[in-house]
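S.K.: These protein sequence lines map, in sequence, to chains A and B.
Start counting the first sequence at 656; every next residue gets the next number (this note's numbering).
Start counting the second sequence at 34; every next residue gets the next number (this note's numbering).
Don't take each hint at face value.
Derived coverage of chain A by chain B (criterion: at least 3 residues anywhere in the stretch with Cβ under 8 angstroms from a Cβ of chain B; other residues may be distant) [what the hints assert, rightly or not]: (1) 690-700; (2) 728-735.
Which chain A residues stay away from chain B? Per the calculated CB distances, all over 12 angstroms, these [to be verified]: (3) S704; (4) D710; (5) L715; (6) S717; (7) G719; (8) N750; (9) D783; (10) S790; (11) D813; (12) D820; (13) D848; (14) H870.
For the record, the hints were derived by calculation from the structure and aren't laboratory data.
A virtual CB, placed ideally from N, CA and C, is assigned to each residue, including glycine.
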Amino acid sequence: MRLIARHIRKDYGGRTVLKDCSYEFDAHAVYALMGPNGCGKSTFLRICSLLERPDSGDALFSDGATMLLPDLSLRRRITLVLARTGVFNTTVYRNAAYGLSIRGAGKAEIARKVKEALNFVGLGHKIDQHARTLSSGETQRLGIARALAVEPEILFLDEPTASVDQENTEIIESLIMKMRTDGKTMVIMTTHDRDQADRLADQVLVIRDGSITRH
Amino acid sequence: MDLFLQAISHAFSLIVHLDPVLTGIIVLSLKVSGYALIIATVLGLPAGAFLGLKRFPARDLAISTINTFMGLPPVVVGLFLYLLLSRKGPLGFMGLLYSPSAMIIAQTVLAVPIVTALCHSAIMSVDPIIRQAARTLGATDTQETLAVIREARYGILSALLAAFGRVMAEVGAILIVGGNIAGYTRVMTTTIALETDKGNFELALALGIILLAISFLVNAALHFVRKKGMVHTS
């Protein structure tokens, strides 16, 4: 699924964060979004993942769906992993199964996809552990597994390695690389790390003065 | 002192021998408070969730009102319900006065604000990131609300236990609308009041011991639930 952001604008309390963000994102590619703190990277992700509405502008999806009339089926083809992953007060398995269970998936399907997703992020051995006993890096990986379990067409990652140690950073980077190689999912991630962006992304974009430009 | 020791001894004897009058009163008390708690949960939990999750113009006023109603004086509730349910009252045609149903209504009126206010607090204490996480994973509004309620489950259980403790110990409202009729509307607290007046301390003490034991169990459960909730939210 392609994503076309058109003239997205967002103000917060009189301050314009995004002025005119337009860009065409191709399916199955990995994008890294960069820019200084407060430039609107996370806001852009939250808007494109339908968590927030823009003040003006639109995002079109290649199947004709539009952000301005988001239906449940569109929302369920997109997931965002927040910079601070909020895990539910239950086991790793149930966290990873949440997206599938609210979609009404069967037990066998949930078990298979959850195991796949947890193995993918290297948490297969912690399936029965309580999610709130994981380290911050593992929590972030659980957030990614939880998102991947529902097999989204677009995966947004908001600073996925911002608050994790070197070991977990390397694991998360390798996961993004695998997704890039698999080519099944469009990934749009934000990062402050220029080297990381170059390593992982097909295209590096910068938000500057409220607009997106290609680096 | 002899009178006290003798009364205690007789009270334990009534408990040990499962005196039918005593057990009848305990069962009725648990039934009345249990039904009241179920109805209060059905009404109060959604109301608490609504106050916690939705934004509307009179929200602050609604929260203040519910918090005020938490401290409703039971006798005042009993008086109002008496006027409503008495023969000449607007609901007199239902013939509920001096029945267990009237007592359930009275306890429900007292419990609903407690359940609502404490459930609201429990839901407000859930990290907002949980709602966002559910949303980003494709939850509908209802599924998002259920996710938050599930997160607040320990706080909600505490709210229900607190409400149960309050209504079990209540005497003023149910005495007015229940009438303390032997074998029909006589519950633990009203029996204690009556039997003490009559000088029949054995039954009053036996019921007092049971009431204290129930109160202890409720508080122990409350402590356990809070502790369990704290382990996984710290």
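S.K.: Work down the list of hints and note, for each, if the structure agrees.
M.R.: For each hint, the structure was consulted:
{"no.": "1", "hint": "690-700", "verdict": "violated (count 0)"}
{"no.": "2", "hint": "728-735", "verdict": "holds (count 4)"}
{"no.": "3", "hint": "S704", "verdict": "6 angstroms, violated"}
{"no.": "4", "hint": "D710", "verdict": "19 angstroms, holds"}
{"no.": "5", "hint": "L715", "verdict": "20 angstroms, holds"}
{"no.": "6", "hint": "S717", "verdict": "19 angstroms, holds"}
{"no.": "7", "hint": "G719", "verdict": "19 angstroms, holds"}
{"no.": "8", "hint": "N750", "verdict": "9 angstroms, violated"}
{"no.": "9", "hint": "D783", "verdict": "14 angstroms, holds"}
{"no.": "10", "hint": "S790", "verdict": "15 angstroms, holds"}
{"no.": "11", "hint": "D813", "verdict": "10 angstroms, violated"}
{"no.": "12", "hint": "D820", "verdict": "21 angstroms, holds"}
{"no.": "13", "hint": "D848", "verdict": "23 angstroms, holds"}
{"no.": "14", "hint": "H870", "verdict": "27 angstroms, holds"}
Violation of the numbered hints given earlier is confined to hints 1, 3, 8 and 11; the remaining hints are satisfied by the structure.
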